[in-house]
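Those protein sequence lines, which keep their order, are chains A and B.
Just so we're aligned, residue 28 is where the first sequence starts under my numbering, counting upward by one.
Just so we're aligned, residue 1258 is where the second sequence starts under my numbering, counting upward by one.
Keep in mind that the hints are not guaranteed to be accurate.
Taking lysine-lysine pairs in the DSSO-like style, the calculated list, with each CA pair at most 30 Å apart, reads [as the list claims (entries may be wrong)]:
id : chain 1 : residue 1 : chain 2 : residue 2
1  : A       : K164      : B       : K1469
2  : A       : K164      : B       : K1370
3  : B       : K1370     : A       : K127
4  : A       : K161      : B       : K1469
5  : B       : K1370     : A       : K155
6  : A       : K101      : A       : K161
7  : B       : K1264     : A       : K135
Don't read these hints as lab results, they were simulated from the structure.
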Amino acid sequence: METQPVLSLQHLEKKYREFRLNIESLCLERGSILGLIGPNGAGKTTTVKILMNMIRRSGGEVRVLGLNPRKDEKEIKQRVGYVGEEPAFYGDKTVDWTGKYVSGFFRKWDTNRFQELLDRFAISRSKKIQELSKGMKVKLALALALSHDAEFYILDEPTAGLDPIIRREVLELLLAESREHERSVLISSHITDDISRLADRIAFLVEGRVVLSRLKDDINADWKKIHYKRGALDKDTTASLFSRKEHAFSLSGITNKFQELKQKFEKPVLDGDVKVENVDLDDILIALVEGEKSCG
Amino acid sequence: MWTLVKKFSFMFIFYLAAFAVLLLYFIHDVRINDPNPNDMGFVYVLSPYVIWLVIASIWGHEQVENKNRGYHLLAELPVRNISIILAKFFWVFFTTVIITAGLMGVYAFSPLKHAFLGYAREYTLFFGGLTLLFGGGSYLLIFRFGYSLFQKIALVFLVLVLAGPILLHLSVWKNLSSEELIFRLTRLPTTGIVFLCFAVFLILIPCALRLKESHKELSKG
């Protein structure tokens, strides 16, 4: 049981009239954090909702904590802490009422933990939900998700629309939860900075397909931005670069095979004809989206 | 399921409380203001109100759910759709039984002559049965077409239930007394109709479940 991945997707398919989600394979090990990055409309929310059985898949196999969301929806929701894009609460009810209401559905509700998180987030128990800001509502949703001893957290764009201070606070809490209690996290976002800060493994979802899924460290090692002078690189290397751009005095492009091509770059780097830079996830996402478009 | 039954109780109890006030008024009216043992007019008008009260309480309850995205919250919690449906149908059944019994209680306390009481009871049970049918049907409508369409249909329906018996009496059946109308209706096999309505109400539970489950498929997001 312990060695089982917390999440396993095989040939997952969901068809809509104008959109098709088609994930060949995606896996998440216990204690890891998987960041699902993609532009708006890439299928992140659809994927997350399929895991929670809020949407039915058209085909393929899905296992969450080794269970089938269709058959074991209730058990999965007992063991998963979920925060949706826009948390839904009863506006005229208080935070306290909401906590009591939600607690009624969980086997392992920890009231002390909930109170502790409310204090940490400075959310007043007597406040009505409609008096809370969007950031406060997200924090409340997070407090609820973290108070029933979940083994796996599924978070769908939890930081969208939050200010940087609250975003940082939320991410730190999740990171602590994952590290200290060995909890697994799946976080979907189009804010690549959040994913970069949090995830061990990153999957890029573009037009319903996972076009890249690797450990963050491997991505950082292989994906580099190359600034080079005209003629500094051979034709093949130049042709293998993504997102090529021409600047006033140099050219630039992104490679996803830096470790493989490392030797080719060594001499021109020493000569000062090539400069290698780390690339951020935004650039990778843009390169992948452009790559998908050019593939038709 | 009981957590949900408790949670859904507010709106239904609110309408039951409103109904209790209405009953007190009618008891006062038929016993003191107009104690006529041969007049079944108030039975003719009052009994169909069970439909009105139950549909109105469903409407009020669903309005709260719709406004607060209550179904969305429930979809995120470890609760089966069948528990949600059973809790909703429980309240339809419970309020119908309470209101029907309450009405029969009022008639028992009224100065109606003994021979009329049986007719009043059957007439009320007939509308109790219909209420189960309409109540269950309302949830089918909500789960299939959503709250907005239900709201529009419910508005027209409730006006018809409210004004229907009076309008029918004034136009189509103007030569018939209330008593005659009740006698005619109770000539129908009312007990059978009530059982049939109850059976259909039970069948509507799995139908509502299927509609709620399939509603997940309607849109991307």
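Hint check results:
| no. | hint | result |
| --- | --- | --- |
| 1 | A:K164 <-> B:K1469 | holds (27 Å) |
| 2 | A:K164 <-> B:K1370 | violated (61 Å) |
| 3 | B:K1370 <-> A:K127 | violated (52 Å) |
| 4 | A:K161 <-> B:K1469 | holds (29 Å) |
| 5 | B:K1370 <-> A:K155 | violated (54 Å) |
| 6 | A:K101 <-> A:K161 | holds (28 Å) |
| 7 | B:K1264 <-> A:K135 | holds (20 Å) |
Of the numbered hints stated above, those contradicted by the structure are hints 2, 3, 5, listed in ascending order.
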